[in-house]
Structure formats: C-alpha cells, structure tokens
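S.K.: Protein chains in written order, with the working numbering: chain S, 1 to 264; chain C, 1001 to 1264; chain Z, 2001 to 2264; chain X, 3001 to 3264.
Misleading hints may appear alongside valid ones.
Using C-beta positions, here's what the derived DEER-type ranges look like [stated by the list, open to error]:
no., chain 1, residue 1, chain 2, residue 2, range
1, X, Asp3226, S, Gly36, 52 to 60 Å
2, S, Arg255, C, Pro1261, 14 to 22 Å
3, X, Asp3226, Z, Glu2225, 53 to 61 Å
In silico DSSO-like links for lysine-lysine, alpha-carbon gap of 30 Å or less [to be verified]:
no., chain 1, residue 1, chain 2, residue 2
4, X, Lys3115, S, Lys45
5, X, Lys3045, S, Lys45
6, C, Lys1028, C, Lys1045
7, C, Lys1258, C, Lys1054
8, Z, Lys2115, C, Lys1045
9, C, Lys1258, S, Lys258
10, S, Lys258, C, Lys1028
11, Z, Lys2045, Z, Lys2258
12, X, Lys3054, S, Lys115
13, X, Lys3028, X, Lys3258
14, S, Lys54, X, Lys3028
Calculated directly from the structure, the hints in this document are not laboratory data. Note that beta-carbon positions come from the ideal geometry of N, C-alpha and C, so glycine has one too.
Here are the chains, one letter per residue:
There are 4 protein chains.
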Amino acid sequence: DRPLTLIAGPCQLESRDHALMLAEQVQKACVAEGAGFIFKGSFDKANRTSLSGKRGIGMDEGLRILADVRDALGCPVITDVHTEAQCATVGEVVDVLQIPAFLCRQTDLLLAAGKTGRAINIKKGQFLAPWDMTNVAAKLASTGNENIMLCERGTSFGYNTLVADMRSLPTMARTGYPVVMDATHSVQQPGGQGGSSGGQREFAPVMARAAVALGVAAVFIETHEDPDNAPSDGPNMIPVDQMPALIADLMAFDRLAKAHPLTV
Amino acid sequence: DRPLTLIAGPCQLESRDHALMLAEQVQKACVAEGAGFIFKGSFDKANRTSLSGKRGIGMDEGLRILADVRDALGCPVITDVHTEAQCATVGEVVDVLQIPAFLCRQTDLLLAAGKTGRAINIKKGQFLAPWDMTNVAAKLASTGNENIMLCERGTSFGYNTLVADMRSLPTMARTGYPVVMDATHSVQQPGGQGGSSGGQREFAPVMARAAVALGVAAVFIETHEDPDNAPSDGPNMIPVDQMPALIADLMAFDRLAKAHPLTV
Amino acid sequence: DRPLTLIAGPCQLESRDHALMLAEQVQKACVAEGAGFIFKGSFDKANRTSLSGKRGIGMDEGLRILADVRDALGCPVITDVHTEAQCATVGEVVDVLQIPAFLCRQTDLLLAAGKTGRAINIKKGQFLAPWDMTNVAAKLASTGNENIMLCERGTSFGYNTLVADMRSLPTMARTGYPVVMDATHSVQQPGGQGGSSGGQREFAPVMARAAVALGVAAVFIETHEDPDNAPSDGPNMIPVDQMPALIADLMAFDRLAKAHPLTV
Amino acid sequence: DRPLTLIAGPCQLESRDHALMLAEQVQKACVAEGAGFIFKGSFDKANRTSLSGKRGIGMDEGLRILADVRDALGCPVITDVHTEAQCATVGEVVDVLQIPAFLCRQTDLLLAAGKTGRAINIKKGQFLAPWDMTNVAAKLASTGNENIMLCERGTSFGYNTLVADMRSLPTMARTGYPVVMDATHSVQQPGGQGGSSGGQREFAPVMARAAVALGVAAVFIETHEDPDNAPSDGPNMIPVDQMPALIADLMAFDRLAKAHPLTV
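Please take these sequences and the hints and turn them into a complete structure.
M.R.: Here it is as structure tokens:
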C-alpha cells in the first residue's frame, strides 16, 4: 500500500556525469509525483549475446559512480552481481543487489548476496514459472535476510521472444515479498538482432501500466537520453525525456491500485 | 473513450429464467456503475473437449431466450455461431454474432457472419499472433460490414495452458476496431482436467483489470450463480454475486484509463 | 509393423493433369521402395491466412479429379472436409477423409465424418496436447468407425511458429490408432509472411526422418513440381523431383524402425 | 561420420566405487556395440531447484573420482564447471568441460573454459534459439579453442516443461561443431515436483533415437542403478541395466544415419 517505487537508470553505467544526469532527471520526476526512486546502473554486462557487445565500465569504477550518485542525490542505488566474490564488495556500496535472471538458480550466488544483509532484487529466470520463485526466495531467506524483491522480466515464448504473464505478479506476491515489474526487459527480444538483442520499446509503458494497475511495489525501467546509441539494450530502453510523463501516468494508476488492493 | 462495456452471461444458456436472472443481476451492476452491458449466452457448445460434455439447449430455444432477455431488459445480446448456415437465422435475433476462436480463420463463416450486417466479435485463435487478426478482420470487412470487435482470449503456451499477452491489446487496437478482453477464457486450462477444461477463476479479475487499465473497449466475463455446478467452463466463471464489486472495480480503472489514453 | 505409407500430393488440386502428373511420380517412387501410397489433394482451402489467398478448385471438380487419380493409378485418395454437409458427398469418392487441425474439436464435423464409414485422418490442433487427442478420437469412435489415424502437424510455439514435439508420436500411439507425421505442415510458419504463411521446407525431411525412426505408420508430405509458384503452402512443400530420394531414405529408416519397435 | 559417442554416467558423483560400477557397465556396452564412451559425473549441483536438494561430493573428491575412472577404464571423462575459478583446476583432470545451460551466456566462464585447451560441451540454454548458439560458440572460439560441442537439452515450453525441437540439431550442426543430444535433460520437467524437478524417463529413448537418426555426433544420457533413489534427476535418468539394449538400438540407427548424411 506504499506508493510505487521506480527502479530506473541506464542499462550500463557509462560515466559519472552520465549517471548523475540520468539520475537527476528521473529522481526529479519521481519526487514531483510522489514515487520512490532507486537508481540502477550495471558495471558489467556479463552475458552479452555476443563477444563484441560492450562489457561495461568495470566494478571499481562502477561502484565509485554508484556511490557518487547516492551521495549527490541521496537516493538508494542498485546494481547486479554475477559471482559470489563480487557480493561482499558490492554490498558495501549499494543498497540493493540484483540477481540476474539467468543466474537466479545459482545457489552460491544467492547465499553470498543474502549474507551482505542488503536488499536483494531477484529477476525471475526466463525459464521459470512464477511459483518456482518460492524456492529461489527460500534459498536467499535461509541466510536470515528476508529483504527480498521478486521481479518479473518475461518468460521464454518460442524463439527470440518473451511474454510477460500478468498472473505472475499476484502469484509471486503470495510469497509476501514485494513484486517488481521489469517493464523494459520483458519487451526484450533476446538475440533478436542476430548478434544482439532486439526489443519493443513501445510496449514498455503497456507492461508498466498493466503491472501498476495490479498493485506492484515497484517498476523497473531502463532509460537513456539516446537509446538508439546506447551501448546495450537500446531497443527496449525508454528515452529519458519521456520519463516524467510516464511516471505521472503510472502514479495515477498506482494511487488507484493501492486504494483497490487485488489479492489472489 | 466511451465507458467500458461488459459482455457477460453464462457459458451455456440453461433456461429462460436462468438467463433472465443472471442478466438482471449483471445489468443492474452495470447500470449502477455506468458500464455498458451486452448479455452473452451460447445455445450450442460445438467443440467440447469430449463427447460427454453437455452440448447446449439448441439454436431455436436459445434464440427464443436471447430474444426474451433482450425484450425484457432492453439490452443487446450476443451469441456464437459455428456454421455459415446459422449466421442468417442468428443474425435476425441477436445484436452481435461471435466467431469462436478455433473458427476465426474459416473464411466462409466470417463472410456469412459479415453479411448479416450485425456487429461481429471475433475471438483471436489460440494459435494466432495479434497482428494476424488484421487479415481476419479484413475477410470480414470485405463484406462491407466494419462493425467488428477483436477479442483476446489467450494464446497457447505449452500444453493445456494459455497465456494472455497484454501487447495483444494495443496491437489489435491499431486496426481501429474496438478491442475486447475475454477475462474468463484467457485463464482457461484447455483439456486440463482430462475430459474437460480446467481454469483459474481467481485470475480472471487480474486479466480484466490489466486490460481495462490499458483502455480496452469491453471486457468479456462468463458468470454463473454456481460455477462449480455449471454445465461448462465452471472452473473459470465468476460467481455472479461477485460481479457488482468486480464491475465497480473495473469502472474505476476504466475512468482513469479513458482519461489517459495509451496508444502504441 | 507394416511398411510406411506416404500420404502425398499438392496442397491444392490444380487440374486433372497436374494431379495425375504428381501422383504418378510419387506412386512410382513408393512402389520402387515398397512404401504404401495415398494421394492427397485439397479442393478448397477454407481457412487461408488472408482473403486474397487462392481458395481452390471447388468440391465437384476436386472430387472428379480425385476419382480419376484413383481410377487411373489404383491408389487410395484423401482430401479434407470442412463442414458436416460435405462429409457424405466426399465420403462417396475418397478413401480417407481428413479433419483439418483448426476443426479437430468440432464435434458435429467429427461425427459426420465418422458416419461415412471411411477412414479418417485427424490432424491434431496446434492448440492441443497429444493426450487431448484421446478425447477427439473418442468422439469419432462413438460413431462405430474405428478406422482412425492421428496426425501430428506441429504445436503453437510463440507467434508465427510451430514446434513438432517428438513425444507426441508415441503418446498418440498409446491410443492404438495409427500415427501420421505431417512433415510439411509441422515446419509451416503460420502467418509468417504477413498475408500468407511461411515455411521451412529444408526441415521437412528432418521431421520426416525423426518420425519414421520412431516407427510411425505414415508420413504426410505435400509436394509440387514448382513449390515457389504453387497457389498455397509453397514455402514448406517438397519439390517432387526430390521425392524419390526422400522416400528411399525414409524407407531405409522405416525398415530399421519396424524391426526395432519402440513403445512408451 | 564417425560412430556415435555416448556421454553417460550418473547425475551426481556419489563415490569412487559407484562411479566405477556405472562407468564399467556403460563402457562395456559401448565397446560391444562400437560406440565411443565418455564418462560423465557432476561434483556439484550448483543450481538445484531448492536449497534442500543435495549439492554433491565437492570438487576435490569429485576430481579424484573422475581421475580414477579415467585411469582405471582408459575412457575420457567430462564434468560441469560453474565459475571461472574452477576451470583451470578441472581442466587439469578432465578431458571435456561442460558449460551448464543456465550459464551458457556467461562470457567469463566461457573464456576461462576455452583457455584450458580442453574440449568444451556447451549446453544450449532453455531460453535460447538454436541459431543463438553461433554467438555462444564464437565467444569460446575467441580463445583459440575450437574443440567445441553444442548440446540440445530442451527449450522452455510453457511452465515446468521443455520441448526438444529436432530442427535444433541440424541448425547447430551448421556451425561445423559436433552436436550432442541430451536425451535425459530434454525430458526433464523443471520444478515440476514443487521442490525438485520431475521428468519423463520413458521418453528419453524417444529423444535419443530421433536425434541419432538425424546423425548427431553424441548422445548424453544420465544413468543410475536405482534412479528413483538417486540424489538428483532421478525422474529422468535411465536405469543402467537398460543401457546395453538402448545403446545397441541407438547404434543400429547410428550406422544407418551415418550412411545417409542429412544436411540442412
């Protein structure tokens, strides 16, 4: 019943100035509309479609940028981890660790993330049913860390396409953990451009609004000032200048949804 | 931008009194909330999972009941047709003819339905992409009848399960025709009980609300006073005593959605 | 344990000479390799993707051609029926009636087909699980006609694509009815070319060989002397000059498979 | 065109004696039929459905057992790696490193595996199209190691189910790398038993035979003397006493397939 949180930022961290520029714009829109805000940025893209895809700025530089955003704007920050070894270091800097979808069943990574004591956002694997996330969350909770978010980001649907099943949101909510809708990755077309992933940016607001109407705790949206030239996930990112209107739209539905709770 | 219409009624027409009882209850709730209402009832279930499934009351008796509901309540009525031969006769009585999903590519049925001049609600086949409905609608429109509605009712997703892809709604809306969300069939589990279909009634309001938030013209919901003992589709029908609250809920989202049009 | 039967011919009947030309070529190859042969040709394509798709030569002319092929070559012939009304007439001419996949749950069509006493080949709907065909076959068998074949032709797999699940073949074989593999439609890409279906002709021999290795009773293959200019299903038909080599290849695997029965 | 290789062994390494017992039985059957043999056993199950699933014997003990099997029987051995750090150590002992399906896009793991100079068997992710494996293999080949095998193990098909698409085998073969069919995991039902995965053991020989008929280089089969009591993947493992007959069956089809190469 708390207002919607936006988890937003670029797919990849590109530079300190770039991160601050995007974070400021999104934060301003969130504040104006009463939404929560967590800044998202990745320091490494560890599973690009092909080797030629840009990997990222690296952990050290990435964590410095995230710390700077946090200090400058006073907002929590989130980034994804890919190995057990990264968890402790990343956990010293960020407020939320994110488990990538492909890695959501890797027990050691979940345990190491849980042991940081930080909040954890687990992306549901494209190969998992919503109810399978109960087992995933239980691995994490075994560390004593119950600060868990479960995130829908689409399910395999034939080749090179995903579908976002709205039943997933109330199903995962039955666990009692907050549910996040990843509106930009659920419209990704994995490998859809041969050497990189395609996407259907135009449907991200559709996914976001449907999920918000169902009362999700947070929406995850990747954004960029020039998605078509972004180093990754351009086809599904939202231009940052469209974010204020989108956030205003989502908050209108969030207020209604929180006043009309829907449980299954 | 017009208020939401509810297309609602039992899966099968059972008797005149039964139809009137359900129609009155739903109509009352629709009127109270400012929703449109079309009464739905089938006179024949032509494609039951197994031969032992109850077929229905028959066309003559069914059309008499539909005419009586229409006369008694002043509401439009809709029923499904399965052969070319039925179209003209049915078209003399009902306001809207419905093309079943399995039959949505049968050219002769579409043409015969179109020639009645009545409005036509075409259910999208479980085997079709949303954009394929452009070709389906064009078959119908070739008769000069542009009074067409396109209806999402779920897409095959593995065996014995459907998934409702929310991208389908704005995709079909690009045709310019009104889009309908079938909230009860999209949570059907075809053949899921061996000799009959299962369903997940609890998710029908989830599908309905998500679709309404996206601005659909109508929601299709099957309802019954005792779904567990209904002759067909019990597992996914909504108990009629829950309809007023559901309709009120949907209308709140409809007002917001119509004030915030979302086009793709 | 009887040798493989080829059900083969053009998608559409085009003319008497055309049908005889194709039938002779395929029959010759079947005889040379010890395969059975049933000539297939459709007189009407009742569910084309779009209205502009060619419908066919019509029932009267089509049945005359099929009768001529049968008389001239002494081979059984098969064609598909789309309405109850067609069944009796078609049944007077052909040896096998075929139920199209989209129509495989239409009870009245199944009953009318069964009552002809002819053999019936039922295509499994793209929306059905293999075990659901038990109910479909039972509808037919209720007429006293147990001369039934069950045919795999692919299952919906995302949008505009099918997948052929090899588990389907032994699963349907559990019914005791002969199982047919439709090698050309299972590589169809429904609606994949916008206004018509695409296909992956190159994979048809893959599907056929895998199925034959599992011991199916028959393989269904559409063929044409010039698939790229055929009025329908060109993208997945096999050029008729490739049929002798394909049939020889399949019969080698059929002999081995029939010597090594595989039951599940 | 070389004879089929069996990659076989238990899901988990349980003890030295257990591994030797299984390896001897399968090797004997392979030798008798002229098949190649690689012994497979995992030292860690890093992505169990739930935390309560048995993890495994550990890397040190596991590698000792694999070395003992190799020395005692003179057969190559394969095991899976889950982190970059494991690759060099594992590469000192085994002949083939295996990349798990969930991890097949993790660039650093692929590069570390490639740098060992050992052969690498990459399982295709359940979320990937066959053609996407070109990019995956290219990551590996960038290390100068072209000793690559590509393995089909099923694709997500709705929830808790996989489907094995036979088109995948010739599609992956276009890369020029040997293709492996994982007959036991492709009939897995992931998460199908709530806290663990189910499986359809009875269909593993179906998948294996269909793939062998298409000319694959190797078949991967997990086996156990008592699958129902195995610590993992019991529902889809083949009882070891059924392996000789299965191998004989597959070799009969392999000889025919290698004499009739099928390229797409």
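S.K.: Would the hint linking Lys1258 of chain C and Lys258 of chain S be met if the CA-CA limit is 30 Å?
M.R.: 19 Å, holds
S.K.: Does the alpha-carbon distance linking Lys3045 of chain X and Lys45 of chain S stay inside the 30 Å limit?
M.R.: 25 Å, holds
S.K.: Against the range 53 to 61 Å, how does the distance between the Cβ atoms of Asp3226 of chain X and Glu2225 of chain Z compare: consistent or not?
M.R.: Roughly 57 Å apart at Cβ, these two residues keep to the hinted range, so it holds.
S.K.: If you draw a straight line from the CA of Lys258 of chain S to the CA of Lys1028 of chain C, is it 30 Å or shorter?
M.R.: OK: Lys258 of chain S and Lys1028 of chain C at ~27 Å, within 30 Å.
S.K.: Are the Cα atoms of Lys54 of chain S and Lys3028 of chain X separated by 30 Å or less?
M.R.: 49 Å, violated
S.K.: Given the hint that Lys1028 of chain C pairs with Lys1045 of chain C, test it: the Cα-Cα distance must not exceed 30 Å.
M.R.: The hint holds at about 27 Å.
S.K.: Please work out if Lys2045 of chain Z and Lys2258 of chain Z have their alpha carbons no farther apart than 30 Å.
M.R.: 35 Å, violated
S.K.: Given the hinted pair Lys3054 of chain X and Lys115 of chain S, is their Cα-Cα distance within 30 Å?
M.R.: 21 Å, holds
S.K.: Holds or violated: the 52 to 60 Å window for the beta-carbon distance between Asp3226 of chain X and Gly36 of chain S?
M.R.: This hint holds: roughly 53 Å between Cβ atoms.
S.K.: Given the hint that Lys2115 of chain Z pairs with Lys1045 of chain C, test it: the Cα-Cα distance must not exceed 30 Å.
M.R.: Given pair Lys2115 of chain Z, Lys1045 of chain C holds - Cα atoms ~21 Å apart, limit 30 Å.
S.K.: Could you see if the CB distance from Arg255 of chain S to Pro1261 of chain C stays within 14 to 22 Å?
M.R.: At 18 Å between Cβs, range holds.
S.K.: Run the distance test for Lys3115 of chain X versus Lys45 of chain S: straight-line Cα separation, threshold 30 Å.
M.R.: Judged against 30 Å, a Cα distance of about 21 Å means the pair holds.
When each numbered hint is compared with the structure, violations occur for hints 7, 11, 14.
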